[in-house]
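Student: Position chains B, C and D with the ligands against the provided structure of chain A, taking the given hints into account.
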Amino acid sequence: MTVKIAGLSLANPVMPASGCFGYGEEYAPFFDLSRLGAVVVKGTTAEPCAGNPPPRLAETTGGMLNAIGLQNPGAAAAREKIVALQQWSVPVIVNVSGHSAAQYRAVIEVLDDLSALAAYEINISCPNVKAGGMAFGTDPAVVAALVRELRCATKKPLIIKLSPNVTDVTAIARAAAEGGADALSLINTLLGMAIDIERRRPVLANLTGGLSGPAIKPVALRMVWQVTSAVEIPVIGMGGITNARDAIEFLMAGASAVAIGAANFTNPLVCPETVEGIRSYLAENGFASVREIVGLAKKEWQK
Amino acid sequence: MTVKIAGLSLANPVMPASGCFGYGEEYAPFFDLSRLGAVVVKGTTAEPCAGNPPPRLAETTGGMLNAIGLQNPGAAAAREKIVALQQWSVPVIVNVSGHSAAQYRAVIEVLDDLSALAAYEINISCPNVKAGGMAFGTDPAVVAALVRELRCATKKPLIIKLSPNVTDVTAIARAAAEGGADALSLINTLLGMAIDIERRRPVLANLTGGLSGPAIKPVALRMVWQVTSAVEIPVIGMGGITNARDAIEFLMAGASAVAIGAANFTNPLVCPETVEGIRSYLAENGFASVREIVGLAKKEWQK
Amino acid sequence: MLKLHTLKIIKQEPVAPGYQRLTLARGIAAQAGQFVQVRASETFDPFLRRPISVHDAAEDRLVLLYRTVGRGTALLAAKKAGETLDLLGPLGSSFPLTDRAQAVVVAGGIGAAPLYYLLRTLKRAGKQVSFFYGARTEAELLLREEYRALATNYSEATDDGSAGSRALVTDLAAPAIASLDATVYACGPSPMLKEVARLADYYGRSCFVSLEAQLACGVGACLGCVVPVRGQEKYRRVCVDGPVFAAGEVFFC
Amino acid sequence: MLKLHTLKIIKQEPVAPGYQRLTLARGIAAQAGQFVQVRASETFDPFLRRPISVHDAAEDRLVLLYRTVGRGTALLAAKKAGETLDLLGPLGSSFPLTDRAQAVVVAGGIGAAPLYYLLRTLKRAGKQVSFFYGARTEAELLLREEYRALATNYSEATDDGSAGSRALVTDLAAPAIASLDATVYACGPSPMLKEVARLADYYGRSCFVSLEAQLACGVGACLGCVVPVRGQEKYRRVCVDGPVFAAGEVFFC
Ligand SMILES: Cc1cc2nc3c(=O)[nH]c(=O)nc-3n(C[C@H](O)[C@H](O)[C@H](O)COP(=O)(O)OP(=O)(O)OC[C@H]3O[C@@H](n4cnc5c(N)ncnc54)[C@H](O)[C@@H]3O)c2cc1C
Ligand SMILES: Cc1cc2nc3c(=O)[nH]c(=O)nc-3n(C[C@H](O)[C@H](O)[C@H](O)COP(=O)(O)OP(=O)(O)OC[C@H]3O[C@@H](n4cnc5c(N)ncnc54)[C@H](O)[C@@H]3O)c2cc1C
Ligand SMILES: Cc1cc2nc3c(=O)[nH]c(=O)nc-3n(C[C@H](O)[C@H](O)[C@H](O)COP(=O)(O)O)c2cc1C
Ligand SMILES: Cc1cc2nc3c(=O)[nH]c(=O)nc-3n(C[C@H](O)[C@H](O)[C@H](O)COP(=O)(O)O)c2cc1C
Ligand code: FES
Ligand code: FES
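These protein sequence lines are chains A, B, C and D, in that order.
Taking my numbering, the leading residue of the first sequence gets 11, the next gets one more, and so forth.
Taking my numbering, the leading residue of the second sequence gets 11, the next gets one more, and so forth.
Taking my numbering, the leading residue of the third sequence gets 13, the next gets one more, and so forth.
Taking my numbering, the leading residue of the fourth sequence gets 13, the next gets one more, and so forth.
Pulled out of the complex, with its shape left as it was, chain A reads as follows (with noise of 0.2 Å):
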């Protein structure tokens, strides 16, 4: 069940995605974290934030809109909780968020000596950073700066997180591959929103949230395919995986680890269920490791 990604070793390729499973310490009770491949934690920004004011939330059908708006701790708190993280021994992926290339720097710079700490995930994908007016994520030339500025920042794996809501994932995807990442994190959430009809006002205080489950997962499944043809270096698949059966399909699109958020919070036990269900369908179709499913469906479509 090993999967190795921008260096990493990872028991296995599942992980809960960033924002959607805390700093772990939510699901300690529920299972022993030690099961997951990695924990990936709350987007941590160099400042305390505190986020949106509510409502943040809006269901939609198999999904749901969030505008967390980046509530955290920041970055200096967040070390304890990365600390903490250590008793699992499972590797802890810190997802970075900020409004400007510096903002990033100083998070990796608080961080970057704790050992607990496996490897970044830069968030330039949240619907509210703007850089020059544009989302940060949407152009080309402004993430591969970013990225170059960042690997000069630290010697731990650089994993770029990309946002969905381009016209074309690929560019941004080769634009950070060439900055220097050492892996890709799609998709973030879909750009959308939600109106009370009896309150006549849109749902979310911040008026768009990201849609987030089931509902995208076909659009997740797409970019991801086109992404690992596109870039050499590995993927962490992720967008509405909710079981093992959606888990093996972002593998078999060529994700080399998948994430799994929203579902968290319909079952608690999604991630190593997901692990376990993996588990079978590998022994039971014959495969000797996951390494062997990842971009099956292209060399079957190639064929």
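Among the clues, some could well be false.
Stated by the list, open to error - With a straight-line Cα cutoff of 27 Å, these simulated DSS-like cross-link-like pairs (lysine-lysine) come out:
(1) Lys246/D - Lys23/C
(2) Lys14/B - Lys91/B
(3) Lys15/D - Lys92/D
(4) Lys313/A - Lys246/C
(5) Lys313/B - Lys92/D
(6) Lys20/C - Lys23/D
(7) Lys92/C - Lys91/D
(8) Lys14/B - Lys166/B
(9) Lys92/D - Lys20/C
(10) Lys23/C - Lys20/D
(11) Lys92/D - Lys91/C
(12) Lys135/D - Lys91/D
(13) Lys206/C - Lys139/C
(14) Lys91/C - Lys91/D
(15) Lys91/B - Lys309/B
(16) Lys246/C - Lys91/B
(17) Lys23/C - Lys15/D
(18) Lys135/D - Lys206/D
(19) Lys91/A - Lys14/A
(20) Lys206/C - Lys313/A
(21) Lys92/C - Lys15/D
(22) Lys92/C - Lys206/D
(23) Lys135/C - Lys23/C
(24) Lys14/A - Lys308/A
(25) Lys246/D - Lys313/B
(26) Lys14/A - Lys165/A
(27) Lys166/A - Lys313/A
(28) Lys91/C - Lys23/D
(29) Lys139/D - Lys91/D
(30) Lys15/C - Lys91/B
(31) Lys15/C - Lys91/C
(32) Lys165/B - Lys91/B
(33) Lys91/A - Lys246/D
(34) Lys23/C - Lys92/D
(35) Lys206/D - Lys91/C
(36) Lys20/C - Lys139/D
(37) Lys92/C - Lys135/D
(38) Lys246/C - Lys206/C
Just so you know, these hints were derived from the structure itself, not from any lab.
Remember, predicted model here, so these are calculated numbers, not experimental data.
Tutor: Same frame as chain A, but now just chains B, C and D with the ligands:
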């Protein structure tokens, strides 16, 4: 219940979305088509088109993928079907597709004398239609030029149907408006895919397909809100509408009318039920006309 | 006639592990080979209706026979007598009767579902019917006594030899197709249908097969359910041009 | 203790039109004010769990009282005795007992649900309880005799005067809050809670309110369910920091 769009006067704001209602005949056994605000027929090309090989469909959570590939009998054969729709005395909007500006023009040339034809909906958002390597509907300059050219080809109203698979839908919307569009339709399907883990290959013979159904409603609603803030021309909102409540969300977000696609497959009466549902809502809430709720959520939001 | 019905469930019986027979309280004027589009849930998961063949029909009754394979059929199986079922139909083409006095009917697995009503229809029309029923194992020869009672000649084949011959049902049917001046009807997995079609073509029998495809609308509007047509750059819709096709039209045999 | 449970439904009773009481076969060590996250469907529509307060609890029993307002609660109401319910809990904070010997408890509509268990808890602790129960109409004063039996003093208010006083329940409760050296507890619509909090603050009573919000995870991980905290640039989570808050913490009164 009457609404005005692109110079057309519709008895109510509800129409089926293109490609989900054939040329009307398939749903005529279920209800009186004159209860619709308009009928939007299948994407029609200059020449007959066989479409993509099967499988063309995949179900997804809260939606479906399709890769029909514009199967249609061609403009000449479509004439008859359009004329046949006249018996319902409901405005007929013809969805026009092509692989080049010349092909769009060719469709218009064949159909333009039909008095039964109330307006054209120009589909510049089909994932398979390419122009200079990039999908047609994703480059503002290409869109403006196409609309300008078609503007000269007909006196009938031109509704431009936009793709959601872009970084900035407002840029495309503005380009279409500047090119002379009378109205906009949005959204077309999101590009997605599915993998069959038993067969270890993509489900659709076309690899990717268009995602529609309630799963995409939040994205559609967001784009309708954005576009109706960016341009003056009216918008026909669509994407995941399944009942009157959904339709009212689109109207409140700024759409002047709505179209219903995939939900027809689940409930063949969804269109007339939505008309009645909107009528009841208006009556119960003391609104004298549909116009009074168009953009209402925006007004509340700006307060 | 095509309509949206809300029918009361009067019986929901397991007929074998994973197989259910559902009896509804009213007829919908369906013919053998036609199907209905069932709404398995009031919610949007699953989003699409599920096509199920008419297993048997009468004025006061509509019977479905189905296999529980996924979410939709599981939800259908959870419905209880007394509840209602929302369905669209009857849909699609039916098995045509011909002027031949004899018929060979070949069923593979759950493909037997629509053939029960066909057997009843053929019997009522006074035809001599040879019925060949194949399944993986004895347990999956659903309702075998009821099928047997409707056929002039009845033969069984299973993959594991637990009932009838341990043979492919097509091999069992081959001599009948070769020797009888019969119309051939078949429903089952695609390789089986192709072999039946090949045999029928070779011996000059007219042959009708019932196909499956992923459907969406079920009424011909979405063009999603097509199959290629022999020798033409064209597709036909399983939901309205089929599900029953002349074998020669859809197989390159 | 926090766990995922699959509990058997032993009773599903309508207690008024649109209101159900659901009794489950096993306790989960819940305290008054806590809630559970119920999975209304095995499918993904609805996608999220639904929070429902613990209406009553014992070693061998968990009781929920809920109003059918949308798809989730409708699916919950369709579940029958003998079926199971998948739930997460107990979750959230509970109503604290204080050293006061008296309590004023104010319920508005379905906000009464968690207060039943609170009344039982207060009674067991030997408190004198004045219970004020407000609803739109008599029919919505759910289980009124059971509530009445648990309170030392019991008063009713309805919007239409069909039972008790035609008054706002807060106006009815005001004299008690003003005059009794009591701890005040409330659950109901937000304007009601604000008014109770204002009264309690004015008369110097400690006051605990149970809040609602749209939840996703229910366990504190998603940060979706927050409410602003008085006088701070901070938010607190309804699901783990609440649903029961000290009134002064969440209302600017
Ligand atoms: C015209 C027509 C007539 C038909 N008549 C009949 C009939 O009379 N009787 C009958 O039984 N069928 C009939 N079918 C087939 C029937 O429509 C399908 O079996 C049904 O739609 C499946 O729906 P589902 O939701 O249960 O399966 P889905 O969930 O849609 O699954 C489809 C496939 O994916 C696999 N799958 C999905 N999820 C899982 C999972 N979690 N684990 C393992 N495998 C999974 C299933 O094995 C299945 O094969 C007919 C089809 C057509 C087109
Ligand atoms: C901590 C906590 C404890 C709670 N405890 C309880 C409790 O003990 N008892 C209880 O009854 N509730 C309780 N609630 C509230 C309960 O969680 C909600 O009522 C429930 O989640 C609603 O789910 P639903 O799917 O039925 O409604 P949804 O479908 O989610 O609808 C939510 C709202 O939208 C409206 N709506 C949605 N669809 C339609 C439609 N088609 N037509 C008209 N209106 C529509 C409904 O009126 C409703 O108000 C509690 C909430 C919290 C946060
Ligand atoms: C409540 C919530 C909070 C999230 N917060 C973050 C975050 O802080 N940083 C980030 O990169 N992604 C964040 N995401 C996005 C998820 O990590 C994931 O990319 C997305 O939800 C798609 O996966 P899913 O469909 O499995 O949820 C958040 C998602 C949700 C639902
Ligand atoms: C089966 C199918 C065929 C479609 N064909 C067309 C088409 O020919 N032309 C077009 O502009 N849009 C086409 N669409 C897109 C719809 O018109 C609509 O924009 C989209 O499905 C979103 O609406 P919905 O979620 O209500 O289905 C098609 C959609 C479906 C599901
Ligand atoms: S299922 Fe839509 S045309 Fe057949
Ligand atoms: S619901 Fe997720 S933190 Fe409260």
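Student: For each hint, tell me whether it holds in the structure or not.
Tutor: Verification of the supplied hints:
no.: 1; hint: Lys246/D - Lys23/C; in the structure: violated (58 Å)
no.: 2; hint: Lys14/B - Lys91/B; in the structure: holds (25 Å)
no.: 3; hint: Lys15/D - Lys92/D; in the structure: holds (23 Å)
no.: 4; hint: Lys313/A - Lys246/C; in the structure: holds (25 Å)
no.: 5; hint: Lys313/B - Lys92/D; in the structure: violated (47 Å)
no.: 6; hint: Lys20/C - Lys23/D; in the structure: holds (26 Å)
no.: 7; hint: Lys92/C - Lys91/D; in the structure: holds (12 Å)
no.: 8; hint: Lys14/B - Lys166/B; in the structure: holds (14 Å)
no.: 9; hint: Lys92/D - Lys20/C; in the structure: holds (19 Å)
no.: 10; hint: Lys23/C - Lys20/D; in the structure: holds (26 Å)
no.: 11; hint: Lys92/D - Lys91/C; in the structure: holds (12 Å)
no.: 12; hint: Lys135/D - Lys91/D; in the structure: violated (32 Å)
no.: 13; hint: Lys206/C - Lys139/C; in the structure: holds (24 Å)
no.: 14; hint: Lys91/C - Lys91/D; in the structure: holds (12 Å)
no.: 15; hint: Lys91/B - Lys309/B; in the structure: violated (42 Å)
no.: 16; hint: Lys246/C - Lys91/B; in the structure: holds (19 Å)
no.: 17; hint: Lys23/C - Lys15/D; in the structure: violated (38 Å)
no.: 18; hint: Lys135/D - Lys206/D; in the structure: holds (26 Å)
no.: 19; hint: Lys91/A - Lys14/A; in the structure: holds (25 Å)
no.: 20; hint: Lys206/C - Lys313/A; in the structure: holds (24 Å)
no.: 21; hint: Lys92/C - Lys15/D; in the structure: violated (31 Å)
no.: 22; hint: Lys92/C - Lys206/D; in the structure: violated (47 Å)
no.: 23; hint: Lys135/C - Lys23/C; in the structure: holds (25 Å)
no.: 24; hint: Lys14/A - Lys308/A; in the structure: holds (20 Å)
no.: 25; hint: Lys246/D - Lys313/B; in the structure: holds (25 Å)
no.: 26; hint: Lys14/A - Lys165/A; in the structure: holds (17 Å)
no.: 27; hint: Lys166/A - Lys313/A; in the structure: violated (38 Å)
no.: 28; hint: Lys91/C - Lys23/D; in the structure: holds (20 Å)
no.: 29; hint: Lys139/D - Lys91/D; in the structure: violated (37 Å)
no.: 30; hint: Lys15/C - Lys91/B; in the structure: holds (23 Å)
no.: 31; hint: Lys15/C - Lys91/C; in the structure: holds (22 Å)
no.: 32; hint: Lys165/B - Lys91/B; in the structure: holds (22 Å)
no.: 33; hint: Lys91/A - Lys246/D; in the structure: holds (19 Å)
no.: 34; hint: Lys23/C - Lys92/D; in the structure: holds (19 Å)
no.: 35; hint: Lys206/D - Lys91/C; in the structure: violated (45 Å)
no.: 36; hint: Lys20/C - Lys139/D; in the structure: violated (54 Å)
no.: 37; hint: Lys92/C - Lys135/D; in the structure: violated (44 Å)
no.: 38; hint: Lys246/C - Lys206/C; in the structure: holds (20 Å)
Comparing the model with each numbered hint stated earlier shows that hints 1, 5, 12, 15, 17, 21, 22, 27, 29, 35, 36, 37 do not hold.
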